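> The chain contents come next:
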Amino acid sequence: MPVFLIRRVLTMVLTALCLTFVVFYLTNLPPNLEKLAKSEASSRMSDADVESWIERNGYGRPVLVRYGEWLGITPGWTRTEDGVTTGRCIERGQDPATAPLRCGILQGDWGFSTVFKQPVSLIIAERLGATGVLMLWVMIVMVPASLLIGVLSGMREGSRLDRGLSIFSIASTATPEYVSGVVLIALFASTSTGLSPWLAEQGWISGKTLFMGTATSALDSGITFWNFGLPVMTIALYGIGYIARMTRASMTEVMTAQYIRTARLKGVSFGNVVMKHALRNALIAPFTVIMLQFPWLLNGVVIVETLFNYKGFGWTLVQAAGNNDIELLLACSVVAVFVVLMTQLISDIGYVFLNPRIRVS
Amino acid sequence: MDALSWGQIFGRMAWQFWPVWAALILTFAVSVRFKRRLGLYGKLYDSPVGMIGFGLVMFWVFTALFSGVIMTHDPLTQVSGMKNALPGFPQKGTEGAYYLLGGDNLARDVFSRMVAGSVLVIQIAPMATVFAFMVGITLGLPAGYYGGKLDTGLSFLANLILAFPVILLFYLLVTPEIVQSGLPQYIGVVLFLFPLIFLTVLINSRLYVKPALRNLLVGLVAVIGGWLYLSLLSSPGTRIDLLPPQADALEMPGNILIVFVSVVFVNAPTVFRIVRGLVLDIKTRDYVAASQTRGEGPWYIMLWEILPNARGPLIVDFCLRIGYTTILLGTLGFFGLGLSPESPDWGSTINAGRRLLSIFVHPAIVPALALMSLVLGLNLLADGLREESLKD
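Sequence lines, in order, name chains A and B.
Heads up: the first sequence begins at 125 in our numbering, then just goes up one per residue.
Heads up: the second sequence begins at 59 in our numbering, then just goes up one per residue.
Treat the hints as calculated values from the structure; they're not laboratory data.
Computed from a predicted model, the values in this text were never measured in an experiment.
Glycine is no exception: its CB is placed at the ideal position from the N, C-alpha and C atoms.
Certain hints may be false.
[Unchecked claim] Short derived list, chain B residues pointing at chain A, Cβ under 8 Å:
1) Lys101
2) Tyr103
3) Ser138
4) Leu218
5) Pro223
6) Glu235
7) Gly240
8) Gln243
9) Val247
10) Phe252
11) Ile255
12) Phe256
13) Thr258
14) Phe392
15) Leu415
Just chain A, with the same shape it has in the complex (with noise of 0.2 Å):
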């Protein structure tokens, strides 16, 4: 086991140091840094202004130097004109001499955003909390729904409700956040369609509708069922029908066991069978499935953030990637693919728990 587990880490720690290396070449490539020189100076900046912008703001060296400072294994930068030093270490009007030598994430030092003006490690630890919470109510729905819709169709394979869950899943995992989302508002947060302007007549809404389409004030105002309901019900949705899925794949194979035979022979009741012999082994294959669900969930996370417009790490990330925030930019990438390895060795571990069979050297 210590074996697996470091070799795991190993593993980890390269694909990590790959990726974001890869983040930071093509983040620092030349037409990039020359946009970020002309946000951050002058937008009519000649060439030559921008080359000599470039170079006094130590982007001009090579990229593997400068990713190593990043990282903070490399001293920063310094640069001394007209006896003034700046360097990438020395804020503005530190004394040189007090400034440390190097300034990278292994410092805790994550950079300034170029687009929220504020110290990235602020702006990922505020965003981080604002989309774990929603995470925490994804989970809340998306596990029991999707673990009983998959016992339940699981149960009696062949049966008549396994075949009308068994759509549903279909149908959910067909449906990608952004079309979901879509039908969602359409159905329940639009003024003109759907369910709210007939609940309205009705009087059954103190509102004009039933949900609201933005998530906003969610994050100012505390979260309430109508601002939650709809990004919540739009990121469970589509991991349901995945989990459910692979629930009542195991619990299919579970429910054909011998054992289960033998206690269904010995007169033990079906529902008893269900609850106290069946449940536990069919629950082991989905909590792999489930752990796996994070990284997918990211990629849904971002999607219903931009969609509802509620500022956790998904739209943070958007905002960064499309505005170019470089540091910004490379702190995501670095949260998002910890979230994905991490959940990758967590799920491994935990089956080998779970699983007795598994063995690993």
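Could you slot chain B onto chain A? The hints should help.
Relative to chain A, chain B alone:
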């Protein structure tokens, strides 16, 4: 003129789709008649789920084929007075012209744009999936068969790409600055080489005992394939401008090429993992050992012994993957990446329509339902195929 009622709207739409209905009925009639002779495809007609799925998919395929007849308006023309028009709204000044599903906020016909969008999806999604499969198969077969360092290296690369959040990858590949640097095209140079390698190895491994025929076929692949390869990649005014315009057979607009490349790039690692897993399983079978004893070369065993026996799961995954590719194309459009903003593809239309979603629902919901029905059809088709192929 009065606006149409919902019944009239559906009647007129059904009438517009007449070539599609005719083609569908013909397909189903012929297939059901000869279903016992058509192998796995014929068996599909024994499963209701598979038949519904196939029907939905073929509906969109025929819609794309006959789009010229079906469209009532030009998908890009703006007609004054039709801005955000409701479904069934008559066009002023033209007798009998209606916006069947209303107008979008630039006064274009939503119905025609939906039909035009299907052309883009039906063109790109299956082709991109085929390319992803070629890449995945060509790399996955040796990785699974030889194992060892090759496998470790390729698997690491595949996991690397898979660990990237798809949207971040799209943003990194498709933004104008990076397109300008030519990176997506260079990726295309590598990815598009794989179908050529695949076909060459496929022919060579089987026909190396008949050099004359082999040389002819490999030569044909090299000439035709090479020409298609060059004309697919080269587009004037970019980094890769290899062919003169006269010799350029496939004029793919630069934007679509980039979208195509990035979709193939995202899909290929998953196919690689599936193929590798299948090969690891199949290579322990007796018939593989038999052909090894016979003295067959490794590529013959991989391509002519292992691959045909892995076809079941691969065909099912192919259907699912076309659906996933459709979703990815929609995602790209939704974030306004790659395709031009006025392009009628479903993702971009949803993106354009969502701004006014709480007031005017139709511009966004029509392409959304279209996309959903196509992907649903592909998933049902895959489910039907899986069920029928398991019955053997």
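> Next, verify each hint and record whether it holds.
Tested hints:
no. : hint   : verdict
1   : Lys101 : violated, 18 Å
2   : Tyr103 : violated, 19 Å
3   : Ser138 : violated, 23 Å
4   : Leu218 : holds, 6 Å
5   : Pro223 : holds, 5 Å
6   : Glu235 : holds, 4 Å
7   : Gly240 : violated, 10 Å
8   : Gln243 : violated, 14 Å
9   : Val247 : violated, 17 Å
10  : Phe252 : violated, 21 Å
11  : Ile255 : violated, 25 Å
12  : Phe256 : violated, 27 Å
13  : Thr258 : violated, 31 Å
14  : Phe392 : holds, 5 Å
15  : Leu415 : holds, 5 Å
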